[in-house]
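Peer 1: Could you put the whole structure together from the sequences, leaning on the hints where they help?
There are 2 protein chains.
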Amino acid sequence: MPANKRSTSSSGERPIGVFDSGIGGLTVVKALRDVLPNEDVFYLGDTARVPYGNKSAETVERYAIELADILTRENAKVIVVACNTVSSVAIPKLRAHVSVPVIGVIEPGAQAAIATTRNRHVGVIGTRATVRSGAYENALRALNVHARVTSRPCPLLVPLIEEGLLEDKLTDQVITRYLEPMIAEGIDTLVLGCTHYPLLAPAIARSLGDDVKLVDSAQNCAIAVRNLLDRQSLRAPQDRQGTLRVALTDAADNFLNVAREALQLDIGEVELRALS
Amino acid sequence: MPANKRSTSSSGERPIGVFDSGIGGLTVVKALRDVLPNEDVFYLGDTARVPYGNKSAETVERYAIELADILTRENAKVIVVACNTVSSVAIPKLRAHVSVPVIGVIEPGAQAAIATTRNRHVGVIGTRATVRSGAYENALRALNVHARVTSRPCPLLVPLIEEGLLEDKLTDQVITRYLEPMIAEGIDTLVLGCTHYPLLAPAIARSLGDDVKLVDSAQNCAIAVRNLLDRQSLRAPQDRQGTLRVALTDAADNFLNVAREALQLDIGEVELRALS
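The listed protein sequences derive, respectively, from chains A and B. The first sequence finishes on residue 276 if you use this note's numbering, and the numbering steps up by one all the way, no holes. The second sequence finishes on residue 276 if you use this note's numbering, and the numbering steps up by one all the way, no holes.
Errors might be hidden in some of the hints.
[What the hints assert, rightly or not] Keeping only pairs whose Cα atoms sit at most 30 Å apart, straight-line, the calculated DSS-like set for lysine-lysine is:
1) LYS93/B with LYS169/A
2) LYS55/B with LYS93/B
3) LYS55/B with LYS93/A
4) LYS55/A with LYS93/B
5) LYS169/A with LYS213/A
6) LYS55/A with LYS93/A
7) LYS213/B with LYS169/B
8) LYS55/A with LYS55/B
Hints are computed from structural coordinates only; laboratory data are not their basis. In this text the structure is predicted, and so the values were computed from the model without any measurement.
Peer 2: This is the structure in structure tokens:
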């Protein structure tokens with residue numbers, strides 16, 4: 001009998017580790033459950049220190065490494081950064097720090113947008129911090145130097161989502177207010193550059209109409225994880241049902257209930273992981 | 001010639017020290033400028049660590065003492081806590097720590113509400129953290145055990161204000177959505193329990209109609225400061241024009257421009273005070 005079951009378990013039983021500054025990253029978990037139903041997922045949300053958007057890059061890097069260490073102790077076979085702020089500043093440090101692959105949300109979203117756009121004019125919406133970081137713009141231009149990027153911070157969307165107003169005429173009005181100028185400027189593709197936003201995907205798609213395609217970073221992140229597991233032969237056996245564990249660093253707020261219901265995720269008992 | 005000009009200056013030249021977790025407390029500064037035009041005001045906003053709402057009481061107390069120490073070094077003759085979160089948890093610790101009087105926003109707001117209400121049914125709106133703390137409820141009940149309090153968190157209002165949508169039909173709809181049930185429950189007085197909210201006072205008053213009176217915590221806090229300065233003979237000479245200095249612990253965001261314009265405050269050059 002092995003002394004430590006976890007460290008000697010086969011890769012098929014090692015979970016995909018996912019972390020976020022809060023609860024928004026559960027949209028990535030939902031996409032992972034859909035794309036990789038055989039995989040175990042361990043989600044860690046740093047609700048004690050959310051939001052990260054106004055913290056310095058050094059602080060975000062330090063927090064990200066603390067969270068990655070917790071996922072490493074859970075024997076994660078890959079670490080998914082389900083947070084735009086962390087993805088925009090801390091991926092290189094994380095890759096140098098941990099021994100497993102690290103995947104963020106920005107790169108897969110940018111790749112999908114470049115594959116989707118026909119006129120090379122891509123729109124990006126996100127929080128003020130994400131838009132100010134220019135991370136999607138840099139990633140899109142790195143993939144295609146001719147890409148034109150129109151970015152817009154949409155600070156009202158996260159509070160509307162956290163209030164649970166996912167299908168509401170107020171939310172529709174706010175979305176139209178934000179998107180109309182971007183559509184008028186000629187974008188043909190819109191990247192949801194915030195892990196909360198997939199919860200508004202139906203409302204946003206309605207506002208965009210048929211001529212502008214929606215790119216969901218969460219969805220594309222999950223596909224990138226599947227491709228990576230395939231390349232490295234790390235996929236769990238196809239005959240098993242994956243499990244989900246959710247841990248938070250502080251008590252959850254109302255948004256956990258919104259996410260649970262809207263995403264139809266079987267979250268079960270939430271574990272508390274106090275940070276030292 | 002005195003060795004230290006500041007510590008020997010007359011009380012008339014010592015500023016009123018005001019601090020907040022961010023920029024919202026400038027509504028209190030505006031009220032202080034109106035009520036006490038002869039006084040110098042030094043404002044300190046902890047933009048590096050905003051928001052405080054989801055931080056533990058111990059952390060908020062520690063931050064508050066750091067900020068009060070900076071105001072003490074500026075030779076403040078009174079310290080005004082222009083922040084509901086700090087006012088709800090840290091006033092006793094602050095009073096024990098500094099040698100000058102400390103005034104928060106909750107007590108003056110609660111007193112004004114009790115003086116205003118006729119049917120003893122008071123409404124309170126604020127952030128989720130403020131409403132959850134129960135601070136206004138406790139303060140109101142301490143003043144009148146028969147007071148009935150209906151509280152409601154309004155998490156969409158701060159982002160609407162920070163977007164500058166002070167006079168906008170979207171904002172009007174959100175306000176109506178929040179206030180209609182409170183009016184239906186029979187409140188006759190509404191306390192603005194968040195330092196951002198006075199920027200929406202005209203829109204909120206429109207939504208309330210004539211039967212519900214508005215109590216502005218910022219305004220009542222400024223009146224409490226005037227009464228205290230009078231009692232302790234600390235008022236500046238009536239023949240001088242007070243000055244305003246604004247310091248922040250990190251770069252200001254878009255909201256500083258909104259506040260500057262909407263409050264018509266002559267803020268001048270903002271100083272940066274890095275925290276150690």
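Peer 1: Assess, step by step, whether the Cα of LYS55/A is no farther than 30 Å from the Cα of LYS55/B, and give holds or violated.
Peer 2: Distance of about 14 Å is within 30 Å: holds.
Peer 1: Is the hinted pair LYS55/A and LYS93/A satisfied, with a Cα-Cα distance of at most 30 Å?
Peer 2: Holds - the C-alpha atoms of LYS93/A and LYS55/A are around 16 Å apart, at most 30 Å.
Peer 1: Going straight from one Cα to the other, do LYS169/A and LYS213/A come out at no more than 30 Å?
Peer 2: holds (22 Å)
Peer 1: Take the C-alpha atoms of LYS55/A and LYS93/B, compute the straight-line distance between them, and say whether it is at most 30 Å.
Peer 2: Distance ~27 Å between LYS55/A and LYS93/B Cα, so the pair holds.
Peer 1: Decide if the proposed pair is consistent with the structure: LYS55/B and LYS93/B, CA atoms, cutoff 30 Å inclusive.
Peer 2: holds (16 Å)
Peer 1: Measure nothing beyond the straight line between the CA atoms of LYS93/B and LYS169/A; if it is 30 Å or shorter, mark the hint as holding.
Peer 2: Status violated; Cα separation ~46 Å.
Peer 1: Taking only the CA atoms, is the gap from LYS213/B to LYS169/B under or equal to 30 Å?
Peer 2: holds (22 Å)
Peer 1: Is the hinted pair LYS55/B and LYS93/A satisfied, with a Cα-Cα distance of at most 30 Å?
Peer 2: Judged against 30 Å, a Cα distance of about 27 Å means the pair holds.
The structure fails hint 1 only (numbered hints given earlier).
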